[in-house]
Amino acid sequence: MQKTSTYKIPFLVLILVLIICFFANISLGSVSIPFKTIFESLIGTTDNYIIQNYRLPKAFTAILVGSGLGISGLLMQTLFRNPLAGPFVLGITSGASLGVALVILGSGIFGGIFATLLISKWSIVIAASLGSFLVLLAVLIVSSRVRDTMAILIIGLMFGSITSAVVSVLSYFSSAEQLQQYIFWGFGSLGNLSWSELGVFFIIYCIGIILSIISIKGLNTLLLGENYAKSLGLNIKQSRLLIIIATSFLAGTITAFAGPIAFIGLAIPHLTRQIFNTSNHKILLPAVFLFGAIVMLICDSIAQLPTSDYTLPINAITSLIGAPVVIWLLVRKRKMIF
Amino acid sequence: MTEQNQHIILQTEHLSIGYKSKKKESVIASNINIHLEKGELIGLVGGNGIGKSTLLRTLTNVQNSLSGEIFINNKLLSEHTPEDLAKTMSLVLTEPIASKNLTVFELVALGRHPYTNWVGNLSSEDIHIVNQALELTNIEALKHKRCFELSDGQLQKTLIARALAQDTDLIILDEPTTHLDMYHKAYILKLLQKLVKDTGKTILFSSHEIDLAIQLCDKMIVMTKDNVVTDSPCNLISKGTFETLFPKDLIVFDEKTGSFRVKK
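Residue numbers (the working numbering), protein chains in the order written: chain Z, 313 to 650; chain D, 28 to 291.
Just so you know, the hints here were simulated from the structure itself, not pulled from any lab data. Treat the hints loosely; a few may be bogus.
[To be verified] If the Cβ cut is set under 10 Å, some of the chain D residues that face chain Z in the computed set are:
#, residue
1, Leu-120
2, Trp-145
3, Ala-168
4, Gln-193
5, Gly-267
None of these values were measured; they are calculated from a predicted model. Every residue, glycine too, gets a C-beta built ideally from N, C-alpha and C.
Construct all of the structure, not just a fragment, from the sequences and the given hints.
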């Protein structure tokens, strides 16, 4: 829309902050690594096992997770015109949890060798993807029959309740050990991703981002409301589908690879709107990308508890750090920009 | 096509409007024959629940007609593609816009949506047309204000500017004068009259301001329980159409002043 150039400086600052956070994230951990070693390792003059196989993939995962969740949250908030919407309102997490619960908790019911075979890294990823895909498919089929976008929101929530009910039933029949494993998945985790897993993650993430970029024009038109958007020649059903598919690609793979990471998707779009003071998605989309990546890198650095051997659950940190920031912003500006 | 047909922007033939459910059809109005020509200001009046909104919703393709035809620029409404229609007809609706955080300029610029590229970048021509729309509606000073800061009258002008920026032959407004004080009611309708003169567009609006419409419109569509009449305000007065508009127990139409009076 207007004066994109006035946002140049904030964007440059954000990119700089992102780069600093990226290096700080690699540097900090149970063993702290000096910046010089990181730099040398990145350009390939020295080999550092921790950086190449642990810290670097983790930092990339943090960027993908933070930016992807932020963007899918933004898409959902605009589509549903609801400030409480997040990436998971369509039942993506609940579907993923159902898939993972069936694998981890259900293995006790199926029993035997089958069970030990099932619980590997990829089986959890596949179960989570399949679960979220199937729930989303159900939501899409039902929602193609309704004209009202708000009804889709309710349908998504209903599917969420159904799946969490099934998870409760499964939990009731599971052993303590299995429950613990399931709860650990629920904490979310950015580490433990190999380069090949990261590659698959990155490809699907890119498809989601491309679809989001294609949706920018439609999203801006939706700011007027659906009837105005329709009168401007926007194909509502097609745009709605595009936005939902973009969200499910982003939020679906993130949940599959990193677990159900809360809060980021809801909070980052609000944080960005407060700071950039605009509703234009051409500005918001890249800004949300940067903020999401930065916040996730910071949260991960804190979760590693630098110089100690402990790692806190990332899901707890995102909310502990993020919630007060959003509350502070809202109180300070006294007005929610939406 | 005759010479006269070239100037007709919107035409209906034996149009019948209403709602259709699985079991039955409920007809709200039938046999509607109207034709709107280029450069006319047309007021649509009628009592509450008579079907003004249903007619506008049908003409703007929000809901389907029960029977009969609607022609826009001599082409059936159903044959227009959505993109094509967006360049022919723009709307000002009664519903509030979803995001009040947009600036006036941004809101008006969204009217250029049918003409912009895939990401919605404004060309210098688009910006020129947006500025022209702001100028025509006298809101250049508000350009950088956000919509939640505007009064109802200013917001209505902004929405009209957005419709102008869409650069269509026909603009349809659904009750543009609701929530406005007496001065701004007259101001908005006068503005519509000026826009018709300045731009040669056709503007159709529905309103309850019958006396103002009589003074300003080129043509009026009067919806009563029995039929839908289209004519110039003077002819409608002499035909006595306005007397049939409302039940006669409370108010009467005064032909001399062209307004309604409460019975003593």
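Hints and how they fare:
For D/Leu-120, the interface hint holds, the least distance from its beta-carbon to any beta-carbon of chain Z being 6 Å, beneath 10 Å. Evaluation of the D/Trp-145 hint against chain Z yields a held restraint, the C-beta minimum of about 6 Å falling below 10 Å. Interface hint at D/Ala-168: violated, since its Cβ lies 16 Å from the closest Cβ of chain Z, which is beyond the 10 Å cut-off. Below 10 Å, beta-carbon pairs count as interface contacts, and D/Gln-193 has one with chain Z at about 7 Å; its hint therefore holds.
For D/Gly-267, the suggested interface contact is broken, since its CB lies about 37 Å from the closest CB of chain Z, more than 10 Å.
Going through the hint list in order, the structure does not satisfy hints 3 and 5.
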